[in-house]
Amino acid sequence: MNILVSIKQVPDTKVIKVNPKTNTLDRSSAPAILNPYDAHAVQEAVRLKQKHGGKVIVLSMGPPQAANAIRKCVEIGADEGYLISDKKFAGADTLATSYALYKAIEKLEKEQGIDLVLCGKHAIDGDTGQVGPGIARRMGMPPLTNVINVESVDTDNKLIRVHRKIEEGHEVIESPLPCLLTVEKTINEVEYAPLPNMLRAARYEPYVWSVDDLEDVDIKQLGLKGSPTIVGTMWPPEKSSGAEMIEGSTDEQVSRLLEVMNDTQELLAVKGGDGA
Amino acid sequence: MSIEEYKDVWVFIEQREGEIFDVGLELLGAGRELADKLEVNLCGVLLGNNVKNSAEDLYAYGADIVYVIDDPVLENYRTETYMKAVGDLVRKYKPEIFIYGATSNGKDLASAVATEVMTGLTADTTMLDINLEKRLFEASRPAFGGNIMATILCKKHRPQMATVRPKVMKKPEADFSRTGKIIEEGLGLKEEDLQTKIIDIVKSAKKSVNLEESDIIVTAGKGIKDEKGMAMVKELADTLNADLGASRDVVEAGLIGHAHQVGQTGVTVTPKLYIVIGVSGAVQHTVGMQNSDVIIAINNDPEAAIFNVAHYGIVADAFEIVPKLTAELKKALDKEGVTTNG
Ligand SMILES: Cc1cc2nc3c(=O)[nH]c(=O)nc-3n(C[C@H](O)[C@H](O)[C@H](O)COP(=O)(O)OP(=O)(O)OC[C@H]3O[C@@H](n4cnc5c(N)ncnc54)[C@H](O)[C@@H]3O)c2cc1C
Ligand SMILES: Cc1cc2nc3c(=O)[nH]c(=O)nc-3n(C[C@H](O)[C@H](O)[C@H](O)COP(=O)(O)OP(=O)(O)OC[C@H]3O[C@@H](n4cnc5c(N)ncnc54)[C@H](O)[C@@H]3O)c2cc1C
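So the sequences go chain by chain: C and V.
The numbering of the first sequence is our numbering, which starts it at 1 and goes up by one.
The numbering of the second sequence is our numbering, which starts it at 1001 and goes up by one.
Bound-form chain C, shown alone (with noise of 0.2 Å):
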């Protein structure tokens, strides 16, 4: 069973600065990381293939720095990474990026042929969760989105069964391979590298496709020309003009603190009636 595994690499939003100027992200602030949802993908997906045999594949589009990202996926035990690297993908929304991962994978198909393709639940930048489900709807595959648990495989029939997170609980379901999954972190826990594994990653370098090396690709639909959403303002989330700060000693902070709530009081008479 040849697994793919679409990754992208992300600026670590736990440690990104927006400059106050220019109200547009410093990425030279964060550090560059394999998006984390992506990791367990590829964790589950190395543990698909040591249950039932193929091969772990990577691919990802993105600047040449990203080759890094492919390298830790080959930490984690993928076999192979391809980069999807031109000037002509820049710029694009989800619709536009989910068009050049689908040419990228139907190369691959016919090339080597894919039984299951894994995605994220959504990537810490960008953050929309656009970009499997627009895969699948391209490649004709059924999309099976927020997968807690892969319950079971049936290769012979080419069956797959899931349990996909829904808002009361979750929701086992059945569908046919080859299908798309996007799993949630909790699928698996990201094992610590084993030293083969590292020493691979380390020199590991993936294969680099450019436009030029995919087949019937209509430029129009790449990059910036073919994203129908433009980001148009940006500017820092709501720093409500702060807080109105209660000062004193802490008797006269409490006494103003009670006032503030009297303005619910409404609220905590009804509370405190239930109550009394």
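Quick caveat, the hints were computed from the structure, so don't treat them as lab data.
Please note that the accuracy of each hint is not assured.
As the list claims (entries may be wrong) - Using 25 Å as the maximum straight-line C-alpha spacing, the simulated BS3-like pairs for lysine-lysine come out as follows:
id: 1; chain 1: V; residue 1: 1167; chain 2: C; residue 2: 185
id: 2; chain 1: C; residue 1: 14; chain 2: C; residue 2: 185
id: 3; chain 1: V; residue 1: 1197; chain 2: C; residue 2: 51
id: 4; chain 1: C; residue 1: 49; chain 2: C; residue 2: 88
id: 5; chain 1: V; residue 1: 1037; chain 2: V; residue 2: 1155
id: 6; chain 1: V; residue 1: 1181; chain 2: V; residue 2: 1052
id: 7; chain 1: V; residue 1: 1155; chain 2: C; residue 2: 220
id: 8; chain 1: V; residue 1: 1190; chain 2: C; residue 2: 158
id: 9; chain 1: V; residue 1: 1197; chain 2: C; residue 2: 158
id: 10; chain 1: V; residue 1: 1156; chain 2: C; residue 2: 88
id: 11; chain 1: V; residue 1: 1197; chain 2: C; residue 2: 165
id: 12; chain 1: C; residue 1: 185; chain 2: V; residue 2: 1203
id: 13; chain 1: C; residue 1: 14; chain 2: V; residue 2: 1225
id: 14; chain 1: C; residue 1: 220; chain 2: V; residue 2: 1094
id: 15; chain 1: C; residue 1: 225; chain 2: V; residue 2: 1225
id: 16; chain 1: V; residue 1: 1228; chain 2: V; residue 2: 1324
id: 17; chain 1: V; residue 1: 1203; chain 2: C; residue 2: 165
id: 18; chain 1: V; residue 1: 1190; chain 2: V; residue 2: 1052
id: 19; chain 1: V; residue 1: 1155; chain 2: C; residue 2: 87
id: 20; chain 1: C; residue 1: 14; chain 2: V; residue 2: 1222
id: 21; chain 1: V; residue 1: 1228; chain 2: V; residue 2: 1094
id: 22; chain 1: C; residue 1: 165; chain 2: V; residue 2: 1167
id: 23; chain 1: V; residue 1: 1156; chain 2: C; residue 2: 87
id: 24; chain 1: C; residue 1: 225; chain 2: V; residue 2: 1156
id: 25; chain 1: V; residue 1: 1228; chain 2: V; residue 2: 1092
id: 26; chain 1: C; residue 1: 51; chain 2: C; residue 2: 225
id: 27; chain 1: C; residue 1: 87; chain 2: C; residue 2: 185
id: 28; chain 1: V; residue 1: 1094; chain 2: C; residue 2: 225
id: 29; chain 1: C; residue 1: 225; chain 2: V; residue 2: 1134
id: 30; chain 1: V; residue 1: 1156; chain 2: C; residue 2: 220
id: 31; chain 1: V; residue 1: 1272; chain 2: V; residue 2: 1330
id: 32; chain 1: V; residue 1: 1171; chain 2: V; residue 2: 1324
id: 33; chain 1: V; residue 1: 1155; chain 2: C; residue 2: 88
id: 34; chain 1: V; residue 1: 1037; chain 2: V; residue 2: 1167
The hints should help you fit chain V with the ligands onto chain C, whose structure is shown.
This is chain V with the ligands only, laid out in the frame that chain C set:
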């Protein structure tokens, strides 16, 4: 494609077993404002099995028209069936704007439909508006882990689509005097033709608390340190008849269950009063509580980020001020003796 052919504002109405999710009603409220600005109809899209009877209820929340497809195959959500149904409706009736609740299934559906009809989709929005001059939908959303807000536009494709986070828009008051009309369509899919099968739906045990419904929440952060601090906060909460919230660090320290966690990986809450004690104010926490009506923060660090989202801030040692506050509140609420006896 001529953009002018596209009219009306559509809202996807998610339901399970005939029960309509609140987010759909919230979006009818938000959609009403958009439709009024554009002077067009507001339409609900209701799919399912035996759901037709619920369609008329949607008029009360602002819908002028409800598109209904009622078919046994639509009993449970599946991408392949819902995408076909919604895609057909969009191609036939051509909405100008189409919004969906950003639930698991709402996001799944919207992403598939966007690819199917080749249009733009803005994810997880929290603010919606219309630029009337350009007749453009302005959908704004947090991105980069909440570090930035961005307005996303879709100029040349229709419908302009967005998913909207639950609990961000206000559910409108129902007005049962409103009327509207139902337009029913068929699906044209048979169970035998479908690829995916739902084997089971497993509902998780009812949560012990449901903070999403709370009017008052008192939240404890790592600043309360241990069980003793937790007991102190709980007493304040009990006095106010409030529910207890917690930051992730407090949950991970085992001081309270995960159902109490507020934030990105917990629940999103919008109480009338949110009192937050000893929480530093990481974005992963504040995304879950910043839309509360009144936020009071207590922290001993004047630089704590929580003061950026709070309406009232108190720089103080929680162990000093919280017991005093509880005592004064008990007096004020004339509840002495009631809560102390349990
Ligand atoms: C502030 C801001 C807001 C944006 N808002 C929107 C919006 O609302 N709608 C929209 O259409 N676009 C939006 N974009 C553009 C969007 O971020 C890009 O299209 C991005 O390439 C993919 O979206 P994502 O990061 O949300 O990925 P997601 O859809 O969240 O990623 C899900 C999964 O898809 C796979 N994947 C995603 N990207 C790649 C990749 N490059 N290579 C390989 N696999 C990948 C991974 O498995 C990943 O886990 C926005 C961009 C910015 C800067
Ligand atoms: C992917 C991801 C998801 C996350 N999801 C969530 C989530 O859903 N919810 C969540 O809450 N967090 C979440 N987090 C964690 C979040 O980033 C913070 O680490 C967490 O919110 C910090 O908890 P805290 O404020 O209680 O603790 P701390 O950051 O340790 O803050 C303790 C605060 O207490 C104050 N303090 C100390 N002593 C006193 C005293 N005596 N009196 C008054 N104040 C005092 C300190 O000044 C400090 O500000 C997530 C993180 C990640 C990476």
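Structure-inconsistent hints, enumerated in ascending order: 4, 15, 21, 25, 26, 27, 32
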